[in-house]
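Counting along the sequence shown from 1, when you hit position 220 you're at 220 in this note's numbering, and nothing is skipped either side.
Hints were generated in silico from the structure; no laboratory data involved. All values derive from a computational prediction rather than experimental measurement. Certain hints may be false.
[Claimed, not checked] Taking lysine to aspartate or glutamate pairs in the DMTMM-like style, the calculated list, with each CA pair at most 25 Å apart, reads:
#, residue 1, residue 2
1, 196, 96
2, 124, 96
3, 124, 142
4, 223, 198
5, 124, 199
6, 90, 193
7, 122, 23
8, 122, 159
9, 90, 204
10, 124, 195
11, 124, 93
12, 122, 195
13, 122, 198
14, 90, 199
15, 190, 96
16, 54, 169
17, 90, 142
18, 124, 205
19, 223, 23
20, 223, 134
21, 43, 159
[Stated by the list, open to error] Cβ-Cβ distance ranges computed for the label pairs, FRET-style:
#, residue 1, residue 2, range
22, 182, 223, 49 to 55 Å
23, 117, 190, 15 to 21 Å
24, 205, 23, 35 to 41 Å
25, 51, 195, 37 to 43 Å
26, 191, 99, 16 to 22 Å
27, 23, 211, 30 to 36 Å
Quick reminder that beta carbons are idealized off the backbone N, C-alpha and C, glycines included.
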Amino acid sequence: MTESSVINAGGLDACLDGITATDVGVWPNMPYFKVKEISSFPKITYLHLSDCDKFSIGIFLLPPAGVLPLHNHPQMTVFSKLLFGTMHIKAYDWVDDGASISTPRSGSSKGEVGPVSVRLAKLKVNSAFTAPCDASILYPTDGGNMHCFTAITSCAVLDVLGPPYCDPEGRHCQYYRAHPFTCFSVDDKKLPDDEKMEDHAWLEEIDKPAGLLVVGAMYNGPKIVEK
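Full structure from sequences and hints, please.
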């Protein structure tokens, strides 16, 4: 696999559809998938393949029950290819471009008190996927820009992000907690008659979840070279 074949292909999604776990040197019996202790967030491994100011390429290795919590990809387009395993994906898009709304919490909101800043989002994906399957694409404002990955079995996910995360340019990873639509009552946020409440949620920005551990490891697969 060459850098030029991936980036300059007429359709990156079609290119990723043809990539297999063998092509990038990963397999389900790698030691990264052995969970030694039970915790809320089993350790996830990230294999870095390539990056520049235009894109980054990497592979996430999730053991069974591994979770990448709900997070965003601001101003970015993301191509994801499940290389092996079964994974549940839940993804949202913002309903509009409006700012967050400060509103009182309901009494059922995890026992917390005081106002909370939330923003309305619509559910785009809520399904389990099993490899082999086509690559998915999420855009800055469509396709599920905020998503959560939950590994049902050992999983490997190849990600191509363009442009990559960059704090100075405002592209930093934010994490969210999803609240059911019925948790908050906001006068100017009424759903159209043809839309269901269960397909919407209020997303609250939170700090990086405690216990989430993503560690880097050496990529030992075929080298990516320019032509």
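So if I understand the rule, the pair passes when the alpha-carbon distance is 25 Å or less; does residue 223 with residue 23 pass? Holds, because 10 Å separates the two Cα atoms, which is no more than 25 Å.
Starting from residue 90, check that the Cα of residue 204 is at most 25 Å away, please. Between residue 90 and residue 204 the Cα gap is close to 16 Å, so the pair holds against 25 Å.
What's the verdict on residue 90 and residue 193, does the C-alpha distance respect the 25 Å limit or exceed it? 24 Å, holds
Status of the given 49 to 55 Å range, CB of residue 223 versus CB of residue 182: Roughly 52 Å apart at Cβ, these two residues keep to the hinted range, so it holds.
Determine whether the Cβ-Cβ distance between residue 191 and residue 99 falls within the hinted range of 16 to 22 Å. This hint holds: roughly 19 Å between Cβ atoms.
Verify the CB-CB distance for residue 23 and residue 211 against the hinted window 30 to 36 Å. For residue 211 against residue 23, whose Cβ atoms are near 33 Å apart, the range 30 to 36 Å holds.
Pair hint outcome, residue 124 versus residue 142 [Cα-Cα no greater than 25 Å]: The hint holds at about 9 Å.
Given pair status - residue 195, residue 122, alpha carbons within 25 Å: Holds: residue 122 and residue 195 sit about 10 Å apart, inside 25 Å.
Does residue 199 sit within 25 Å of residue 124, going by the straight-line distance between their CA atoms? 8 Å, holds
For the pair we were handed, residue 90 and residue 199, check the Cα-Cα distance against 25 Å. 11 Å, holds
CB-CB spacing for residue 23 and residue 205 relative to the 35 to 41 Å hint: 37 Å, holds
Take a quick look at whether residue 122 and residue 23 sit within 25 Å of each other, Cα to Cα. With Cα atoms ~35 Å apart, residue 122 and residue 23 exceed 25 Å; violated.
Of the hints listed earlier, those the structure fails to meet are numbers 4, 7, in rising order.
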